[in-house]
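Protein chains in written order, with full-length UniProt numbering: chain X, 1 to 215; chain Y, 1 to 642.
Hints should not be assumed to be uniformly reliable.
Simulated crosslink set (DSBU-like; lysine-lysine; CA at most 30 Å straight-line) [unchecked claim]:
hint : chain 1 : residue 1 : chain 2 : residue 2
1    : Y       : K368      : X       : K113
2    : X       : K18       : X       : K71
3    : Y       : K368      : X       : K141
Here are the computed distance ranges between Cβ atoms for each label pair [what the hints assert, rightly or not]:
hint : chain 1 : residue 1 : chain 2 : residue 2 : range
4    : Y       : Y516      : X       : Q106      : 29 to 37 Å
5    : Y       : D582      : X       : R142      : 58 to 66 Å
6    : Y       : P471      : X       : L176      : 42 to 50 Å
7    : Y       : Q443      : X       : K180      : 49 to 57 Å
If you're looking for bench data, these hints aren't it; they were derived computationally from the structure. Everything numeric in this text was worked out from a predicted model, so none of it was measured. Backbone N, C-alpha and C define an ideal beta-carbon position, used for all residues, glycine too.
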Amino acid sequence: MANRSGTAQRPNGQSQGKICQFKLVLLGESAVGKSSLVLRFVKGQFHEYQESTIGAAFLTQTICLDDTTVKFEIWDTAGQERYHSLAPMYYRGAQAAIVVYDITNQDTFGRAKTWVKELQRQASPNIVIALAGNKQDLANKRMVEYEEAQTYAEENGLLFMETSAKTAMNVNDIFLAIAKKLPKNEQNTGQGGSVQGRRLTEGNTEPKTGANCCK
Amino acid sequence: MDDIVGDKNAKFKELYNQDGVFLRQAGEMYTPMFGCTGSLYLWEHISDAESKPEVPSRFLEWRPQDFVELKTALDEGSEEWTLIESVKKRCRTSSGNMVKDFLNSIGNLNVCFSNIKSLRCSKHDVLTTFYDGSCELLASFVFPTSESREHFLGTIQAFVRLQPTRRDKSLFIVYDAASPGFKDLEKSFAALDLKTDSSFWSLLKNIKSNPYEKSMEAFAKVTGYVYNSVDDEEHYMAQDDLQRSISEIGDDASAYAVYDIPNCLPMRVDYPRCNPLTREQWRAQLNGEGQLEDVESIKTLIFRGGISPDIRRVVWKFLLGYYPWDSTEKERHALDISKMESYYKIKMQWTTFSKEQEDNFSDFSQRKSLIEKDVNRTDRVLDFYAGENNYNIFSLNNILLTYLLYNFDLGYVQGMSYLLSPIYMLLRCEVEAFWCFVGFMKQVMSNFDYDQNAMKEQLKSMYLLVNFIDPQLSKYFEDHECANMYFCFRWLLVWYKRELQQDEVARLWEVLWTGYPCKNFHLLIGVAILEHERDALMGDNNGFTEILKFINELTGKLDINLMINHAEGIYHQIKDADHLTDAVRNILGIPVAEASGLQSKPEDDRSPRKGVSEPDEIEFEKSIYSNFLSSSTGRLVFLFRP
Ligand SMILES: Nc1nc2c(ncn2[C@@H]2O[C@H](COP(=O)(O)OP(=O)(O)OP(=O)(O)O)[C@@H](O)[C@H]2O)c(=O)[nH]1
Ligand SMILES: [Mg+2]
Numbered sequence: 001m002a003n004r005s006g007t008a009q010r011p012n013g014q015s016q017g018k019i020c021q022f023k024l025v026l027l028g029e030s031a032v033g034k035s036s037l038v039l040r041f042v043k044g045q046f047h048e049y050q051e052s053t054i055g056a057a058f059l060t061q062t063i064c065l066d067d068t069t070v071k072f073e074i075w076d077t078a079g080q081e082r083y084h085s086l087a088p089m090y091y092r093g094a095q096a097a098i099v100v101y102d103i104t105n106q107d108t109f110g111r112a113k114t115w116v117k118e119l120q121r122q123a124s125p126n127i128v129i130a131l132a133g134n135k136q137d138l139a140n141k142r143m144v145e146y147e148e149a150q151t152y153a154e155e156n157g158l159l160f161m162e163t164s165a166k167t168a169m170n171v172n173d174i175f176l177a178i179a180k181k182l183p184k185n186e187q188n189t190g191q192g193g194s195v196q197g198r199r200l201t202e203g204n205t206e207p208k209t210g211a212n213c214c215k
Numbered sequence: 001m002d003d004i005v006g007d008k009n010a011k012f013k014e015l016y017n018q019d020g021v022f023l024r025q026a027g028e029m030y031t032p033m034f035g036c037t038g039s040l041y042l043w044e045h046i047s048d049a050e051s052k053p054e055v056p057s058r059f060l061e062w063r064p065q066d067f068v069e070l071k072t073a074l075d076e077g078s079e080e081w082t083l084i085e086s087v088k089k090r091c092r093t094s095s096g097n098m099v100k101d102f103l104n105s106i107g108n109l110n111v112c113f114s115n116i117k118s119l120r121c122s123k124h125d126v127l128t129t130f131y132d133g134s135c136e137l138l139a140s141f142v143f144p145t146s147e148s149r150e151h152f153l154g155t156i157q158a159f160v161r162l163q164p165t166r167r168d169k170s171l172f173i174v175y176d177a178a179s180p181g182f183k184d185l186e187k188s189f190a191a192l193d194l195k196t197d198s199s200f201w202s203l204l205k206n207i208k209s210n211p212y213e214k215s216m217e218a219f220a221k222v223t224g225y226v227y228n229s230v231d232d233e234e235h236y237m238a239q240d241d242l243q244r245s246i247s248e249i250g251d252d253a254s255a256y257a258v259y260d261i262p263n264c265l266p267m268r269v270d271y272p273r274c275n276p277l278t279r280e281q282w283r284a285q286l287n288g289e290g291q292l293e294d295v296e297s298i299k300t301l302i303f304r305g306g307i308s309p310d311i312r313r314v315v316w317k318f319l320l321g322y323y324p325w326d327s328t329e330k331e332r333h334a335l336d337i338s339k340m341e342s343y344y345k346i347k348m349q350w351t352t353f354s355k356e357q358e359d360n361f362s363d364f365s366q367r368k369s370l371i372e373k374d375v376n377r378t379d380r381v382l383d384f385y386a387g388e389n390n391y392n393i394f395s396l397n398n399i400l401l402t403y404l405l406y407n408f409d410l411g412y413v414q415g416m417s418y419l420l421s422p423i424y425m426l427l428r429c430e431v432e433a434f435w436c437f438v439g440f441m442k443q444v445m446s447n448f449d450y451d452q453n454a455m456k457e458q459l460k461s462m463y464l465l466v467n468f469i470d471p472q473l474s475k476y477f478e479d480h481e482c483a484n485m486y487f488c489f490r491w492l493l494v495w496y497k498r499e500l501q502q503d504e505v506a507r508l509w510e511v512l513w514t515g516y517p518c519k520n521f522h523l524l525i526g527v528a529i530l531e532h533e534r535d536a537l538m539g540d541n542n543g544f545t546e547i548l549k550f551i552n553e554l555t556g557k558l559d560i561n562l563m564i565n566h567a568e569g570i571y572h573q574i575k576d577a578d579h580l581t582d583a584v585r586n587i588l589g590i591p592v593a594e595a596s597g598l599q600s601k602p603e604d605d606r607s608p609r610k611g612v613s614e615p616d617e618i619e620f621e622k623s624i625y626s627n628f629l630s631s632s633t634g635r636l637v638f639l640f641r642p
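Generate coordinates for the entire structure from the input sequences, incorporating the hints supplied.
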């Protein structure tokens, strides 16, 4: 099963290196490449015929950032409009979100904007949102201009990158950029509230909410 | 025997003796003997002048057969494993000496008869379970035959009375008919003019929150009286009397205990899977007209074993409503033609759209592109659908687009391509696959509704079923924020398609399409899987995320035939359970059991229950048999459900 969170945690007093754990959710129209981005980030793989996500999938990946270990609990959701009603269950309590669109499809960009609006309205107030223009390797079929997306991202305070799950371009980078932007000190605790489905009653060493970063 | 008797000189008379009695459960220390067969004895102490008072007058003894043999072998000095072939597997892990030690230390299973306060024996099986005064299980035996069990019950009724409880006919309160106090109690109860009204229930609530511990001992003696009298509607307790009794208890009242009689399920019976329906069996059912003679028996065969691959193509068309079950060969021929015509008519509607028309019809073109995206990643790992420009992918696309126009209100929803893929792969014909897909969609269409209510409903039902079968597991889900069961979403949306190999999907679906043995059998498949994986699910303090991940990773690891087998066993357990609730009954479409007199009185006959909310009743059911008060003045009051 999933890696036990906080296992690598050092006892208080040894302050070199902290471990932070964040809940991150992927949203975006069907087939834009959400699962592919996660698969690339977590396992370094790409499947041409990646199967569509039904319900949701959950994966974890840990990255190192200076003296901090950042553990992402990643929720990959199903993109189709019909399953929209399930999404709040997954983005509730998330500290970060990647909203994905497909640069070869204008509609998916429109849908990404809708997701951003919804997150700004309904997710945790301090959620870090990144916009990913995926399938950058298909730039010759581009329908969404880089500048257009960048302007939109700036206006809305979003991180923005064009990515390719296929070539791995910017995949680690976008996760890294999110990790950098996430608050990693104790003042920011509690912003996510109680994270859905998190174990809150583990050992004493377990951070009380996913939002916390522990020394 | 030594332990319980404590007096080597005591003499005992054998009242009952039966070989081949299987020990299902008992105290923890007997765990190694669970599942062993042995001999059950009922002994009676022959009292004489010398006998000590602590010698129990009667007790049950069970001697494990295998262990008797083993013990003899070991006592004879041989430690070789070849001599103890008959020992059950679980004992083999220990060394010869350990086994010997174990046997010497625990000896046989003894149950003092006076400790038995209730017993459960259902009509449906020969399982018999004994409980003590706190409703703890003392021992649970499976008798070899119902005659041997009848004989046992006959024997014990010489000195105890068995009173079936009112709500649960298979649970009997055991009381000592000869008890000197019994007559007195009867008298003191007769003095109560028992009436009931709604305040009875609020009173009951008080008692439940303040149960009195020691009351159990006396309880068995009282119940006989109360249960005898409940049939007499005049005899209900008056709340005044109860109130008085409670006030008499005074400060001690804080020490009530509510005892839960465990809601025992009938024993799981194994319904072995059979061989798939063969071509010969199928042909044998066709008459001269090519009409099936006995549809039910064919469906039963399919349910029991599935369909052998060489006739699947034909039989699926019946299962999915392409051909009516009672059609003749001639009618089917006509259907082939008409279905082909109508398929192409619908298909033509979209094939003739001009580019311009499509651009102006965004509802269509959006769904069209969704279909394209999905078929392009549906089962591409299978050779049949692999590679660029695969014709079969093209066909899936055609069928789904045609279905889109056939049922535009529903549209295309993700997941549908997975329901079509196995059907097309088998039939390899657009027209047939389309109409069979239509048949399948009729059964599962609501899964794809906008509001997702049907899915939510199913997840809820799944929870209720788990709760009924394995309350510990449902409690775990509850405590770990998983009671919404969303981790089963994929299972239910596409009927386990994503968890199974192609041939396994075919086997499962054809079994489910028979509609046997009950409604929503696909939920029981899920319950069987959860139950099978319960230890992994509950281990490690898993929360929703871990459970979801674990469930998603079960793909390719399920033994679907075993799960069908378990699900059927579970179905029968539920159906035969004495505490079957209406909610569960409705989920599985189990008709209300045949009326058996008292038990099925119309609700209106029980006027005192009116106005009592459901949860109260459920809570009450659990404690119905054992709530009562014992006051320091020696006065006993038993609460029962009117
Ligand atoms: N060329 C190219 N194809 C990609 C890229 N990322 C994903 N794909 C393909 O796009 C298709 C859809 O990718 P998924 O990762 O399944 O998309 P998704 O967003 O998870 O879709 P849903 O699960 O349906 O919501 C697959 O066939 C992928 O192989 C990319 O960066 N470049
Ligand atoms: Mg996906």
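List in ascending order the numbers of the hints, as given earlier, that are violated by the structure.
Hint 4 contradicted; others consistent.
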